[in-house]
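Residue strings, one per chain:
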Amino acid sequence: MGFLSEKEDISLVLCGEAGQGIQTVEAILAQAIKQSGYHIFSTKEYMSRVRGGQNSTEIRVSSHRVASYVNRIDILLALSSGAIKHLKDRISDDTLIIGDPEHLKTVKEEGLLGKITQNTDNFIEIPLMETAQDIGGLIFTNVIAAGFISRILNIPKEIFDGLISDMFTRKGSQILENDLKAGEAGYRIGHELMESKSELIQISLSGQSKVRDELLINGTDAIGFGCLAGNCKFMSSYPMTPSTPLQRFLAGNAHEFELVYEQAEDEIAAINIALGASYAGARSIVATSGSGFALMEEAVGLAGMIETPLVIYIAQRPGPAVGLPTRTSQEDLNLALYSGPGEFPRIIFAPGKLEDAFILTQKAFNLAEKYQIPVFVLSDQYFVDCYYNLPSLPLEDVKNEDYLVKTTPEYQRYLITHDGITPRGIPGYGDGLVVVDSDEHDEEGHITENLNIRTKMVDKRLKKIKQIKKDAISPELVGPEDYQELVVGWGSTYWPIREALENILESDKEKKISFLHMKQLYPFHKSVVEYLERAEDVIIFENNAQGQLANLIKLETGLEIQEKVLKYNGMPFSVEEVEENLKKFMGLENDDTLSVREVSS
Amino acid sequence: MKPKDFDMPDADVAWCPGCGNLAILRSLKTALAELEIPPQDLVFVSGIGQAGKLPHYIKGNVFNGLHGRSLSPATGIKAVNPELTVIDVSGDGCMYGEGGNHFIHTIRRNPNITNLVHNNMVYGLTKGQASPTSQKNFNTPLQVDGVFLEPFNPLAVAIALDASFVARAFSGNRKQTIEILKAAIKHKGYALVDIFQPCVTFNKVNTRNWFKEHTYYLEDDHDPSDRNLAFRRATETEEYPLGIFYTNPNKRTFEENLNVYYEDKTPLFQRKVNIQKIKALMETKR
Chain A
1 MGFLSEKEDI
11 SLVLCGEAGQ
21 GIQTVEAILA
31 QAIKQSGYHI
41 FSTKEYMSRV
51 RGGQNSTEIR
61 VSSHRVASYV
71 NRIDILLALS
81 SGAIKHLKDR
91 ISDDTLIIGD
101 PEHLKTVKEE
111 GLLGKITQNT
121 DNFIEIPLME
131 TAQDIGGLIF
141 TNVIAAGFIS
151 RILNIPKEIF
161 DGLISDMFTR
171 KGSQILENDL
181 KAGEAGYRIG
191 HELMESKSEL
201 IQISLSGQSK
211 VRDELLINGT
221 DAIGFGCLAG
231 NCKFMSSYPM
241 TPSTPLQRFL
251 AGNAHEFELV
261 YEQAEDEIAA
271 INIALGASYA
281 GARSIVATSG
291 SGFALMEEAV
301 GLAGMIETPL
311 VIYIAQRPGP
321 AVGLPTRTSQ
331 EDLNLALYSG
341 PGEFPRIIFA
351 PGKLEDAFIL
361 TQKAFNLAEK
371 YQIPVFVLSD
381 QYFVDCYYNL
391 PSLPLEDVKN
401 EDYLVKTTPE
411 YQRYLITHDG
421 ITPRGIPGYG
431 DGLVVVDSDE
441 HDEEGHITEN
451 LNIRTKMVDK
461 RLKKIKQIKK
471 DAISPELVGP
481 EDYQELVVGW
491 GSTYWPIREA
501 LENILESDKE
511 KKISFLHMKQ
521 LYPFHKSVVE
531 YLERAEDVII
541 FENNAQGQLA
551 NLIKLETGLE
561 IQEKVLKYNG
571 MPFSVEEVEE
581 NLKKFMGLEN
591 DDTLSVREVS
601 S
Chain B
602 MKPKDFDMPD
612 ADVAWCPGCG
622 NLAILRSLKT
632 ALAELEIPPQ
642 DLVFVSGIGQ
652 AGKLPHYIKG
662 NVFNGLHGRS
672 LSPATGIKAV
682 NPELTVIDVS
692 GDGCMYGEGG
702 NHFIHTIRRN
712 PNITNLVHNN
722 MVYGLTKGQA
732 SPTSQKNFNT
742 PLQVDGVFLE
752 PFNPLAVAIA
762 LDASFVARAF
772 SGNRKQTIEI
782 LKAAIKHKGY
792 ALVDIFQPCV
802 TFNKVNTRNW
812 FKEHTYYLED
822 DHDPSDRNLA
832 FRRATETEEY
842 PLGIFYTNPN
852 KRTFEENLNV
862 YYEDKTPLFQ
872 RKVNIQKIKA
882 LMETKR
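Protein chains in written order, with our numbering: chain A, 1 to 601; chain B, 602 to 887.
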């Protein structure tokens with residue numbers, strides 16, 4: 001029946017237990033796919049454990065650019081007994097299920113097979129474990145599986161072998177030899193299957209040579225490159241999923257880029273160390289997640305009071321408290337927006353695509369320096385773990401202004417100026433003294449309880465907002481300018497919404513619907529209200545339960561968004577889910593649900 | 602240099618007449634003058650409390666941050682610019698209570714900073730509650746049945762953690778305090794000086810005379826390299842020894858451990874972005 005034969009966009013899902021080496025399969029396949037000239041996207045969902053459980057990685061292989069999560073599974077490689085059960089809601093009659101007899105056994109025995117899919121033809125057993133034992137142990141299962149998939153995807157064997165060599169050479173010649181054998185065996189099994197079931201597996205992907213030279217990075221990498229480009233010189237942080245990968249990125253590149261990474265004893269120390277570093281002149285960042293950031297809040301107020309620049313990276317996950325450590329959410333906009341006592345300016349960015357993650361992070365460092373304020377970069381588990389290929393990052397556009405001044409003996413750290421911005425001196429650079437105080441202070445920086453000075457200092461700090469708004473980043477409009485209906489999203493929902501919208505526009509080019517993606521959440525760019533006012537109907541998608549951005553939009557613009565699609569089970573929006581909701585919103589499908597949709601699948 | 606080179610003539614000092622802080626301030630100015638450290642090279646870091654106000658009364662750069670957190674910014678400042686002399690000024694509540702975790706881990710980290718802790722065994726700024734070093738049976742408006750928690754022993758904790766310099770002074774003894782402060786500031790590595798001081802308003806038990814009667818100086822032949830001995834002396838609480846209990850000059854400092862300074866001593870703020878290096882790193886992702 002050749003169910004894959006027409007496909008130029010394949011969703012391949014690998015599922016197994018933690019500790020089985022799925023990440024190795026993912027790493028090999030991702031590179032192999034790109035080097036073969038196919039476009040690639042990958043995303044993973046995993047449990048908060050080091051061994052066991054069920055983790056899966058979705059890899060989309062396509063003839064055109066892909067950058068978002070889809071719910072459907074075209075090929076499922078089940079590497080554990082629990083894999084099929086774990087993914088049963090995403091398996092359809094069109095899903096090709098492949099696995100070792102041992103792993104497929106329980107599903108058969110429990111009679112689940114018929115319930116999950118009627119199409120037992122698509123159920124293919126391959127001898128992964130037996131073959132692995134022959135080579136030297138079950139440890140080789142993952143490389144055999146990678147070889148098998150590579151063969152099905154028509155990836156040239158020399159590309160695959162090259163990657164295996166890159167990955168395993170450092171582990172010694174014996175291990176490398178066995179892994180090459182494992183890959184070979186995987187190719188052989190794949191080849192035999194394609195010969196015997198040629199009607200089932202015919203993939204018509206077309207590769208393009210230029211894809212081979214593109215970047216293949218994830219959200220963390222893009223933000224990390226943004227840090228380097230923004231001249232980040234200091235990070236102190238405390239490990240917390242999903243912010244830890246950025247900590248690893250900067251720690252791993254600390255030598256080459258002359259920066260300090262220090263793992264603090266807790267988040268409170270982390271942010272206070274970073275503020276000391278920034279006071280002394282190093283561009284500084286802290287990375288954390290929900291509860292970790294809650295511990296940092298006190299010092300966000302300190303940054304506001306002493307007007308000391310700081311970039312605060314929050315990789316969001318579902319809360320409250322510990323919540324779901326390895327899942328995704330957009331629940332901490334309010335936390336970032338209202339963190340810290342008192343009133344002071346701040347900026348909040350939420351990139352949705354890799355280029356933006358790079359540009360906005362680099363800008364975050366400059367704006368923090370320019371306005372001497374905390375600047376937030378909000379990402380989430382889905383965003384940081386997503387990989388896709390893209391031509392490049394705009395490194396040539398990087399500009400770093402130097403806002404530090406050499407002090408004179410008369411220097412006053414909080415001299416009142418027309419725009420609230422005092423040129424920033426640092427200790428040990430010039431003949432002046434740099435005094436900062438968490439108490440209300442005078443122009444010199446010394447403690448005061450003079451209430452007139454107090455008022456002047458509050459005004460000074462808040463006056464900066466006027467300038468900050470002028471520097472605000474415009475939202476991105478996708479779709480026709482003369483839209484009647486408008487979809488709003490922020491952060492990592494960018495690609496799923498965009499792909500769903502493009503699918504709809506492709507089927508009917510006359511549709512007057514567009515997508516407004518907000519990447520600066522505070523303060524808003526002035527065009528936000530104009531875009532919203534032009535729409536007859538607006539719908540917003542958010543990965544939280546209360547519509548935090550919708551509420552902020554109402555507060556800032558007075559405009560109420562009636563239609564909200566809110567998902568907060570810890571998984572990202574899939575393209576299908578967005579498309580379905582958009583079709584209902586547009587009246588293309590019957591809709592008898594309430595105006596607030598709570599998506600749970 | 603003279604002590605008056607550190608004067609802040611316009612400062613509106615908020616301490617009570619007779620406060621031990623005034624004596625500590627005078628001793629600190631003298632020590633810094635004798636060490637010839639210009640105010641521009643000094644950073645005083647503090648938290649919140651009566652001691653935390655000291656940086657406003659002495660000439661230098663100042664980072665007066667949050668309650669209990671002073672060691673953290675002090676660490677960051679020194680890491681970014683090791684040429685600065687960083688002196689953390691804190692009190693018993695700020696350092697040993699709110700900042701207890703930072704106290705422990707800063708000792709482990711061993712930045713080359715001096716940590717002065719004004720220890721009057723009571724909370725002054727919040728008007729007379731127990732501090733972590735308050736002695737048992739000390740009555741306050743909050744500890745109405747008297748303190749029953751074991752007093753925190755900062756010196757024993759620091760020596761247990763192999764802090765590189767551990768001393769105790771008494772604000773009433775100017776001459777010895779100046780010498781201890783000079784040794785602490787000159788010392789390479791984290792240096793703790795716990796300074797006994799009377800609180801004339803809120804501590805009517807541990808008064809100036811009480812401290813005089815309950816302290817004595819370590820013998821001239823005390824060996825500060827003997828850690829076990831130092832620990833034992835730190836646990837004496839009938840009468841409290843004063844002086845330099847313990848030094849370990851062989852520990853590498855936090856800054857020395859930072860790779861950024863292995864070959865190049867330039868402070869971090871003077872180092873610029875290297876776009877070519879970023880480009881090269883990006884190439885590895887193709």
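Hints are computed from structural coordinates only; laboratory data are not their basis.
Check the hints yourself; a few may be wrong.
In the DSBU-like style, the derived pairs of lysine-lysine whose C-alpha atoms are separated by at most 35 Å in a straight line are [said to hold, decoys possible]:
1. B:K873 with A:K406
2. A:K470 with B:K873
3. B:K878 with A:K470
4. A:K470 with A:K526
5. A:K456 with B:K878
6. B:K603 with A:K463
7. A:K511 with A:K583
8. A:K406 with B:K787
9. A:K370 with B:K728
10. A:K406 with B:K603
11. A:K526 with B:K873
12. A:K171 with B:K886
13. B:K605 with B:K866
14. B:K880 with B:K852
Listed next, the stretches of chain A that the computed footprint assigns to chain B, with coverage defined by at least 3 CB atoms under 8 Å from CB atoms of chain B [unchecked claim]:
15. 43 to 49
16. 128 to 140
17. 209 to 222
18. 232 to 246
19. 250 to 262
20. 422 to 428
21. 437 to 447
Everything numeric in this text was worked out from a predicted model, so none of it was measured.
Heads up, the beta-carbon is just placed ideally off N, CA and C, and yes, glycines get one too.
Legend entry - Within 8 Å of chain B (C-beta), three or more residues of the segment 128 to 140 of chain A: violated (count 0)
Inset, instruction - Quick one: see if chain B covers the segment 422 to 428 of chain A, three-plus residues with Cβ-Cβ under 8 Å. - result: Per the Cβ count (3), the hint holds.
Inset, instruction - Would you check the hint for K511 (chain A) and K583 (chain A), treating anything up to 35 Å between C-alpha atoms as holding? - result: holds, 11 Å
Legend entry - Hinted pair K171 (chain A) and K886 (chain B), Cα distance within 35 Å: Roughly 21 Å separates the two Cα atoms, so the pair holds.
Inset, instruction - Please work out if K880 (chain B) and K852 (chain B) have their alpha carbons no farther apart than 35 Å. - result: violated, 38 Å
Inset, instruction - Starting from K370 (chain A), check that the Cα of K728 (chain B) is at most 35 Å away, please. - result: Since the Cα atoms of K370 (chain A) and K728 (chain B) sit roughly 41 Å apart, the hinted pair is violated (cutoff 35 Å).
Legend entry - 8 Å C-beta test of the segment 209 to 222 of chain A against chain B, three or more residues: As far as the segment 209 to 222 of chain A goes, the hint holds, because 6 residues have Cβ atoms under 8 Å from chain B.
Inset, instruction - Please work out if K406 (chain A) and K787 (chain B) have their alpha carbons no farther apart than 35 Å. - result: holds, 28 Å
Inset, instruction - Assess, step by step, whether the Cα of K470 (chain A) is no farther than 35 Å from the Cα of K526 (chain A), and give holds or violated. - result: holds, 9 Å
Legend entry - Restraint check for K603 (chain B) with K463 (chain A), where alpha carbons must lie at most 35 Å apart: Violated, at roughly 42 Å.
Legend entry - Proximity test - 8 Å, beta-carbon atoms, the segment 43 to 49 of chain A to chain B, at least three hits: violated (count 0)
Inset, instruction - Assess, step by step, whether the Cα of K406 (chain A) is no farther than 35 Å from the Cα of K603 (chain B), and give holds or violated. - result: holds, 26 Å
Checked against the numbered hints listed earlier, the structure breaks hints 5, 6, 9, 14, 15 and 16; every other hint is satisfied.
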